[in-house]
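Following the hints, put chain B in place on chain A, whose structure we already have.
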Amino acid sequence: MTMTDCASCADERAAGAAFCEACGRALGAPCPNCGIPGGVGEDGYCQNCGMLAGRPRDHIDIDCGEVAAAVTDRGRRHHRNEDAMWLAVRGGDVDVVVSDGVSASFDPDVASETAAGTAGALLAESPDVSAAILGAKRAVAELASTGDPRRATSNPACTIVVATVRGAEINIGWVGDSRAYWLPPEGPAEQLTEDDSWATHAIAMGADPIAAMQDPKAHAITAWLGADASPVLPRTGAFTVVGAGHLVLCSDGLWNYLPDPESFASTVRAHLHAGGTLISAARSLVEFANAAGGADNITVALIPVSSPAPAPDSSPATDSAPATDSAVDSAPATADEPVKE
Amino acid sequence: MPYTAEAFQNEFLALGATEVNAIITVTSSGSEGGRRTAGATEIIIVDASGSMQAEGRISAARQAAKAAVECIDDGVNFAIIAGVSTAQQLFPAPGQLAVSSPQTRADAVRSIDRLQASGGTAMGAWLLLAAQLFAQRPGDIAHAILLTDGDNGERHGYLEQVLDSIAGRFTCDCRGVGVNWKVSELRKIATALLGTVDIVAQPSGLTAAFEQMMTKAMGKTSADVQLKVWTPVNASVRFVKQVEPEVMDLTGKRTEDGPRAGRYPLGSWGAESRDYHVCIDVPAGAAGDEMLAARVSVVEGDTVHAQSLVRAVWTEDTVLSAKINRQVAHYTGQAELADAIQAGIEARKAGDDRTATIKFGRAAQLAHASGNKATEELLATVVDIEDAATGTVRLRRKVEAADEMALDTRSTKTVRVGRSQ
Numbered sequence: 001m002t003m004t005d006c007a008s009c010a011d012e013r014a015a016g017a018a019f020c021e022a023c024g025r026a027l028g029a030p031c032p033n034c035g036i037p038g039g040v041g042e043d044g045y046c047q048n049c050g051m052l053a054g055r056p057r058d059h060i061d062i063d064c065g066e067v068a069a070a071v072t073d074r075g076r077r078h079h080r081n082e083d084a085m086w087l088a089v090r091g092g093d094v095d096v097v098v099s100d101g102v103s104a105s106f107d108p109d110v111a112s113e114t115a116a117g118t119a120g121a122l123l124a125e126s127p128d129v130s131a132a133i134l135g136a137k138r139a140v141a142e143l144a145s146t147g148d149p150r151r152a153t154s155n156p157a158c159t160i161v162v163a164t165v166r167g168a169e170i171n172i173g174w175v176g177d178s179r180a181y182w183l184p185p186e187g188p189a190e191q192l193t194e195d196d197s198w199a200t201h202a203i204a205m206g207a208d209p210i211a212a213m214q215d216p217k218a219h220a221i222t223a224w225l226g227a228d229a230s231p232v233l234p235r236t237g238a239f240t241v242v243g244a245g246h247l248v249l250c251s252d253g254l255w256n257y258l259p260d261p262e263s264f265a266s267t268v269r270a271h272l273h274a275g276g277t278l279i280s281a282a283r284s285l286v287e288f289a290n291a292a293g294g295a296d297n298i299t300v301a302l303i304p305v306s307s308p309a310p311a312p313d314s315s316p317a318t319d320s321a322p323a324t325d326s327a328v329d330s331a332p333a334t335a336d337e338p339v340k341e
Numbered sequence: 001m002p003y004t005a006e007a008f009q010n011e012f013l014a015l016g017a018t019e020v021n022a023i024i025t026v027t028s029s030g031s032e033g034g035r036r037t038a039g040a041t042e043i044i045i046v047d048a049s050g051s052m053q054a055e056g057r058i059s060a061a062r063q064a065a066k067a068a069v070e071c072i073d074d075g076v077n078f079a080i081i082a083g084v085s086t087a088q089q090l091f092p093a094p095g096q097l098a099v100s101s102p103q104t105r106a107d108a109v110r111s112i113d114r115l116q117a118s119g120g121t122a123m124g125a126w127l128l129l130a131a132q133l134f135a136q137r138p139g140d141i142a143h144a145i146l147l148t149d150g151d152n153g154e155r156h157g158y159l160e161q162v163l164d165s166i167a168g169r170f171t172c173d174c175r176g177v178g179v180n181w182k183v184s185e186l187r188k189i190a191t192a193l194l195g196t197v198d199i200v201a202q203p204s205g206l207t208a209a210f211e212q213m214m215t216k217a218m219g220k221t222s223a224d225v226q227l228k229v230w231t232p233v234n235a236s237v238r239f240v241k242q243v244e245p246e247v248m249d250l251t252g253k254r255t256e257d258g259p260r261a262g263r264y265p266l267g268s269w270g271a272e273s274r275d276y277h278v279c280i281d282v283p284a285g286a287a288g289d290e291m292l293a294a295r296v297s298v299v300e301g302d303t304v305h306a307q308s309l310v311r312a313v314w315t316e317d318t319v320l321s322a323k324i325n326r327q328v329a330h331y332t333g334q335a336e337l338a339d340a341i342q343a344g345i346e347a348r349k350a351g352d353d354r355t356a357t358i359k360f361g362r363a364a365q366l367a368h369a370s371g372n373k374a375t376e377e378l379l380a381t382v383v384d385i386e387d388a389a390t391g392t393v394r395l396r397r398k399v400e401a402a403d404e405m406a407l408d409t410r411s412t413k414t415v416r417v418g419r420s421q
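These protein sequences, in sequence, are chains A and B. So that you can map any letter, position 230 of the first sequence is 230 in this note's numbering, and since no number is skipped, the others follow by simple counting. So that you can map any letter, position 289 of the second sequence is 289 in this note's numbering, and since no number is skipped, the others follow by simple counting.
EDC-like mimics (lysine to aspartate or glutamate), calculated; alpha carbons at most 20 Å apart, straight line:
{"#": "1", "chain 1": "A", "residue 1": "K217", "chain 2": "B", "residue 2": "D317"}
{"#": "2", "chain 1": "B", "residue 1": "K228", "chain 2": "A", "residue 2": "E42"}
{"#": "3", "chain 1": "B", "residue 1": "K182", "chain 2": "B", "residue 2": "D151"}
{"#": "4", "chain 1": "B", "residue 1": "K373", "chain 2": "B", "residue 2": "D384"}
{"#": "5", "chain 1": "A", "residue 1": "K217", "chain 2": "B", "residue 2": "E316"}
{"#": "6", "chain 1": "B", "residue 1": "K323", "chain 2": "B", "residue 2": "D289"}
{"#": "7", "chain 1": "B", "residue 1": "K323", "chain 2": "A", "residue 2": "D148"}
{"#": "8", "chain 1": "B", "residue 1": "K66", "chain 2": "B", "residue 2": "E211"}
{"#": "9", "chain 1": "B", "residue 1": "K413", "chain 2": "B", "residue 2": "E336"}
{"#": "10", "chain 1": "B", "residue 1": "K228", "chain 2": "A", "residue 2": "D43"}
{"#": "11", "chain 1": "B", "residue 1": "K349", "chain 2": "B", "residue 2": "E400"}
Computed beta-carbon distance windows for the label pairs:
{"#": "12", "chain 1": "A", "residue 1": "R138", "chain 2": "B", "residue 2": "R35", "range": "45 to 53 Å"}
{"#": "13", "chain 1": "A", "residue 1": "D228", "chain 2": "B", "residue 2": "G371", "range": "23 to 31 Å"}
{"#": "14", "chain 1": "A", "residue 1": "P149", "chain 2": "B", "residue 2": "I324", "range": "16 to 24 Å"}
{"#": "15", "chain 1": "B", "residue 1": "K323", "chain 2": "A", "residue 2": "R138", "range": "24 to 32 Å"}
{"#": "16", "chain 1": "A", "residue 1": "S145", "chain 2": "B", "residue 2": "E256", "range": "39 to 47 Å"}
{"#": "17", "chain 1": "B", "residue 1": "I324", "chain 2": "A", "residue 2": "D228", "range": "18 to 26 Å"}
{"#": "18", "chain 1": "B", "residue 1": "E316", "chain 2": "A", "residue 2": "P308", "range": "45 to 53 Å"}
{"#": "19", "chain 1": "A", "residue 1": "P231", "chain 2": "B", "residue 2": "I324", "range": "29 to 37 Å"}
No wet-lab data here; the hints were simulated from the structure. We put the CB at the ideal spot given by N, CA and C, even for glycine.
Only chain B is shown next, with the shape it has when bound in the complex:
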């Protein structure tokens, strides 16, 4: 069995306590010796709106798309979509998928040369076309890369409507080039489609970003892995969050699965490890009671890959119940860190410097205490950190837009702590 699921928690609760927290570490060594258990389909969506002509973005995007195509394994299905006011399929013929081979990849690279920047931005339409193409290959590991440089031009609410209809059909990593796109918009897509979002400030960085995304996608061996959470009667799931490698709230993505159980989508998996924070509300027990608060399984269809138990034990011994599990404390802090940064950025945009200073100060403190150096360095581009330990910061008068967007997109990135308690 390539998957393991391990629970980290302090199962001891004080009398009257009703909240059970656990970190579940799911690790896969990659199924079937690293071979895919399903077929795979890759779709590259490149923004070809008029603004892409600026700063040599379109030529950099062509280079990046070509590099990504070269990373596609033989036998994988693929297509390229040119994003303008409508979605246009650049390769292969409209409505079709190509099967990757040296020949088809060379054909694709030639067709990318025809990519011209002119027109608008219609992300809903682009994603809808991708979903239609993916629908030809049900059961495949379905992954898309979306590149844009601007705001969505579709009518208000259309993108959300599309996302509702296609959620769960494929995963999508989103990249914004330059600084004229909205982090919130791409985050909405990435969150709905279980992908990542990041800024590529300079067009010259696109090739590396595309290669990295495609290489990672090629490492996926399972298409649709889910976390199944069973809870006893009168108990309820307060939240299920991915907390490593980055924070992603999965609570709202639950689908019911039999009595007292629900499934949360984890997307596609390769040889990797991720952490999930599960929080359960249970009825209070008496001293000495032991309850199974949740049975957490890693499932793919009807196959249970691994299972872990989240327990609740009520005790009068406050020495036992007062200990907060180190993993739970750490990831609670990492989730708060992401929230503090996003709240700080919003307050700063709204001109509320006082709130922004408080939020960024708290973020600096959390990043420093948890050893999240990458986030601490990003924070330092937006505020002057005078004393990270106490959270004393000063807002910078002049902040590069790219720096603030990098802080925003990467605020959800977390670090791990040692495994011992």
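Looking at chain A on its own, in the form it has when it is part of the complex:
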């Protein structure tokens, strides 16, 4: 590959110039793939090698200083980022949403973006996580009948996990396998959500946990947002923090590499304690997942939460211990429920 030709007209005098001397076309950014100067065309594809130079959603940071931070990233193996997130901070109040598009559906990136945006906007009006998820469900279901006609046969679908933080009060809700964790200063992390996944339900019904997690269907989800979803009953939980710790929301692009609560806790804690800021910890967690393979899109949100009067016990006091499902939990699924891979 020569570094000296204009991607549009193959003139060799364009090296280092802002415009091609032969065709006069403005030379844009060099192509990150083949390096040709001015390679990236208006549609985002290199005019030489054809590779997509990148999309805005490939990597997004949201830095809310010491209050919260979130990062979403395309990962190493997927061609686009089908995860989406929402992070809103008003004083000490935090609303956060993570959504993961179902790859086998059509336009899953649109589904996750719609879900996160709709749920986030609803939370700004009222901190009702169930209402936010149901609103997101309606918006994602409507996508099937708009836009590209192919959406009708494989409707856009996604997961969602939603959390609100008001002082020491945390409310969460979810559908699918995107997770929320409580990370105390020491000890294992507490998973606040329970995956709507084949493996989780198989284990709940008595299957061997190791065998169930190794099954090809292990990650197939049993509940999702989309036009073809069964009636959605968001599963929710409410907690009051005693002491201090971190609320962590993430998509499976991160937790796949940290399957057990001990490794999750020690890894996230190590990144939080690396001495940087909250956003640098979120970024380095994404780098950790990418270094481990980056097999899926990665999204992580970190929100420090503490009780006004710190107590010796740092674990969250839950309204209904243990910190899993609340009263509106949906009925347990059967093993032959419809699933999405």
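Chain B in isolation, oriented as in the chain A frame:
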């Protein structure tokens, strides 16, 4: 903008895959509210060789030519060529074009009465004269109708030489009357000149055929529309085929247009829709890579009417990469159907009944599965279809020559599938 170009494809490729397929549907609502953007010239070429005296062909051809003349819009340039051993201009005066009006059309109809059948068949010479007449009106929508009833009598290779020199100058629809002409010969002309070929078995069918061709020609509003295909470095175009309304391979008609781009002629356009199958070979990408495999534009001169992107996305997810796009699968089948029929006819002529049975069987299966009823009915005139689903057929002992020629000429006709994936 009256044109649209829409790509149908499964952009997801398995790791290591290097072949990208897409169907591009080009639709035009007719430019400038159905008005022509250029002038138009029509030339009618009627075989007047001695054999045309048989079965009342020459009188039917006169009737048909008159009917076609009556279909020419006012203001369109036209001429009529009588085809014998040389090309003779029947109307207007040699070397000239008439401008269509009630008066000139009446003059033309009178001159057609002078058309007599005597002499030989020299298609190369006829087409060459047509090209010379069209050359007076560069930029026009240039269309010819060629009618013959026999084999070309020119020296071997001359017709091909002429076609090479005039390709792209005008489009030509070819019709053979009776059964003593060669499908391969007319197909060669139609393919080179982006036209159609068909049989008119009975002379009485000529008038309707000519009226239909001329009416369609009058509906064309743009002269020279092209498909421009850009591909990235290290990628190459394996083929570009029109696949609807009929199969026509355009791969060899490419002319280079700047770095990594080429143009393929689509001929003249009216308010219509056609489908093209584009197949690109690309270097293999890594998981998560997204490549623009081709940028396909509908162009006329320097004007880009519409554009569509053909993408390649490599994924480890076999659920995504294993899906074959319905349009691509359908038209791959329609192209195979045309090939199977032509191979079957050739094998049957060569006396290879076994190969003929296999090819026709496959054709029956493809026609049935794709809902191409017209082709299935034509096949049934040449073979007994015992079970279309499994492709079980038996060769018929006695086949009408006209039926086999109809199957041959119409083997390239395709049908559309629903637009959803």
